[in-house]
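Asker: Read off the chains here:
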Amino acid sequence: MSPLARGRIAAYLGLIWFVGSRHRELRRPLLREQLYRQIHGAGVAALPVIGVLAMLTGAAAATQLSALIGGDSDLTQRMLFLGLFYELAPLLSALVVVARSSAGIASELAVMRLHDEFTALRRLGVPPADYLLLPRIVGMAIALPAVTACFQAVSIGSGWLATALVEGRPLAEAAGRFLDLADPWLALLSLVKSALMGAAVGIIACHHGSSGTRGSQGISGAAMQSVGTGLIAVFVIDVIFALLLYVLR
Amino acid sequence: MSQLHANVAERRLSLYEGEALRLALPLDAGGRHRLVVGDDDIAHQVVAALEHCPGVGVLPADGGLLGNQTVAGNFALVLRYDAAEIRDLRDQDLDAAFQLCGMTPERVEVLAREQPMNLERGERWKVGFVRWLLRPPELLVIDRLFAGLTRRQANALIAVEAVYHARHPFRPVLFVDLDSHELPVLPDCRSSTELSELAEA
Numbered sequence: 000m001s002p003l004a005r006g007r008i009a010a011y012l013g014l015i016w017f018v019g020s021r022h023r024e025l026r027r028p029l030l031r032e033q034l035y036r037q038i039h040g041a042g043v044a045a046l047p048v049i050g051v052l053a054m055l056t057g058a059a060a061a062t063q064l065s066a067l068i069g070g071d072s073d074l075t076q077r078m079l080f081l082g083l084f085y086e087l088a089p090l091l092s093a094l095v096v097v098a099r100s101s102a103g104i105a106s107e108l109a110v111m112r113l114h115d116e117f118t119a120l121r122r123l124g125v126p127p128a129d130y131l132l133l134p135r136i137v138g139m140a141i142a143l144p145a146v147t148a149c150f151q152a153v154s155i156g157s158g159w160l161a162t163a164l165v166e167g168r169p170l171a172e173a174a175g176r177f178l179d180l181a182d183p184w185l186a187l188l189s190l191v192k193s194a195l196m197g198a199a200v201g202i203i204a205c206h207h208g209s210s211g212t213r214g215s216q217g218i219s220g221a222a223m224q225s226v227g228t229g230l231i232a233v234f235v236i237d238v239i240f241a242l243l244l245y246v247l248r
Numbered sequence: 000m001s002q003l004h005a006n007v008a009e010r011r012l013s014l015y016e017g018e019a020l021r022l023a024l025p026l027d028a029g030g031r032h033r034l035v036v037g038d039d040d041i042a043h044q045v046v047a048a049l050e051h052c053p054g055v056g057v058l059p060a061d062g063g064l065l066g067n068q069t070v071a072g073n074f075a076l077v078l079r080y081d082a083a084e085i086r087d088l089r090d091q092d093l094d095a096a097f098q099l100c101g102m103t104p105e106r107v108e109v110l111a112r113e114q115p116m117n118l119e120r121g122e123r124w125k126v127g128f129v130r131w132l133l134r135p136p137e138l139l140v141i142d143r144l145f146a147g148l149t150r151r152q153a154n155a156l157i158a159v160e161a162v163y164h165a166r167h168p169f170r171p172v173l174f175v176d177l178d179s180h181e182l183p184v185l186p187d188c189r190s191s192t193e194l195s196e197l198a199e200a
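Same order as they appear, the protein sequences are chains D and R. Numbering-wise, numbering that gives the first Met the number 0 puts 24 at position 25 of the first sequence, and it's gapless, one number per residue. Numbering-wise, numbering that gives the first Met the number 0 puts 135 at position 136 of the second sequence, and it's gapless, one number per residue.
FYI, nobody ran anything at the bench for these hints, they're computed from the structure. One thing to keep in mind: the hints can contain errors.
[To be verified] Simulated restraints, written as ranges between beta carbons of each label pair:
{"id": "1", "chain 1": "D", "residue 1": "PRO2", "chain 2": "R", "residue 2": "ASP81", "range": "33 to 43 Å"}
{"id": "2", "chain 1": "R", "residue 1": "ASP92", "chain 2": "D", "residue 2": "LEU243", "range": "48 to 58 Å"}
{"id": "3", "chain 1": "D", "residue 1": "VAL43", "chain 2": "R", "residue 2": "PRO135", "range": "21 to 31 Å"}
{"id": "4", "chain 1": "D", "residue 1": "VAL51", "chain 2": "R", "residue 2": "GLN114", "range": "52 to 62 Å"}
{"id": "5", "chain 1": "R", "residue 1": "PRO135", "chain 2": "D", "residue 2": "PRO183", "range": "56 to 66 Å"}
Where is the CB? At the ideal position from N, CA and C, for every residue including glycine.
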């Protein structure tokens with residue numbers, strides 16, 4: 000492993016330790032306000048895009064599965080649960096959040112660093128890491144599972160509707176079969192996976208935004224590195240959870 | 000270059016270059032003091048050494064405000080960070096402090112919603128100054144205030160700074176200035192020290 004990669008991993012681990020040791024600071028009203036702002040920016044504001052994407056993905060997946068499998072509704076619903084609900088929903092939600100928020104966080108922090116605002120905060124008696132990094136990382140870890148849950152609800156709803164229309168069955172039957180086959184522990188695990196993806200994306204964006212070269216190139220570099228590394232982190236976590244599921248079964 | 004470092008002991012701030020004492024300031028006698036330095040690099044080192052001392056506040060020429068927040072947001076951050084709950088900022092102390100600095104309530108009303116980037120330099124500095132006026136440090140370091148200002152602008156800001164001494168008579172202020180023949184005279188300046196260059200280590 001190159002010294003650069005080792006340095007980055009050490010910095011990411013340092014940020015994990017930092018969040019673990021300082022999370023109680025979020026009780027401060029001003030930090031809580033920052034946390035809510037972050038959740039709103041990364042979560043609530045992403046819902047229109049997530050809603051449309053989820054509706055189209057659910058309908059497309061259910062239609063393709065019905066065409067491929069035929070009238071075996073149980074298999075269609077099982078694949079909807081494992082493929083769409085457990086696998087695709089957290090992954091696509093994470094991709095949308097990485098595309099929208101990761102570059103935003105990194106470039107915002109890089110601009111603040113360029114204008115010496117980390118020093119300004121310290122001079123005001125406000126710890127810069129507590130105020131700038133903590134709410135962003137925790138906010139991402141909360142926002143992404145919430146966004147994923149919305150994606151799951153909308154995509155599965157549109158999947159049921161598509162199955163009902165394509166296979167000519169009542170909607171309640173498709174929904175009933177899905178709910179019979181769905182494993183609540185896997186549903187919970189998908190949200191845990193999302194939370195970890197959110198935390199990883201937040202940590203990576205905060206690291207690249209608050210370090211690296213200063214200047215206009217530093218801003219674009221921070222944004223690009225946070226998106227690229229964030230995507231890799233999301234897929235690595237996804238593969239780990241897929242392997243975990245395989246081992247557990 | 001020798002390392003500058005500072006410490007506070009027995010109500011006295013001392014700035015050392017290596018082992019040599021370059022500046023000593025009493026922290027309980029108030030008044031204006033001036034440290035004239037040779038260039039930006041030395042000024043940066045001096046301010047960096049001073050700001051690590053407990054009780055030292057630094058006011059840079061741009062007011063040291065956060066650009067991504069409004070002026071009201073900046074005040075909320077400073078005055079309410081340790082507070083248990085966020086209260087309305089438009090309290091009497093804040094209004095009174097702005098008025099002492101020559102700003103009308105109408106201007107303050109507009110200012111509160113502005114981003115610091117949109118204010119002119121003198122006004123940005125005044126906002127930063129009001130912040131320290133409300134929460135005075137043991138020693139206020141005013142960092143390179145006069146660079147690029149006309150004599151009239153500089154005198155106007157010195158007049159505003161006088162408010163600090165009237166309100167906190169026992170809190171000293173240290174002006175860190177660059178060596179320049181245009182440097183304005185500080186009225187009632189108790190000490191003036193020159194630090195034109197630092198010795199090689």
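Asker: Run every hint past the structure and note whether it holds.
Answerer: Now for the hints, and whether the structure bears them out:
At roughly 40 Å, the beta carbons of D/PRO2 and R/ASP81 sit within the given window of 33 to 43 Å. Between R/ASP92 and D/LEU243 the beta carbons are some 57 Å apart, a value that agrees with the proposed interval 48 to 58 Å. Between D/VAL43 and R/PRO135 the C-beta distance comes to about 41 Å, which lies outside the given range of 21 to 31 Å. Taking the beta carbon of each, D/VAL51 and R/GLN114 are about 33 Å apart, not inside 52 to 62 Å as hinted.
Separation of R/PRO135 from D/PRO183 is about 59 Å and conforms to the stated range, judged on CB atoms against 56 to 66 Å.
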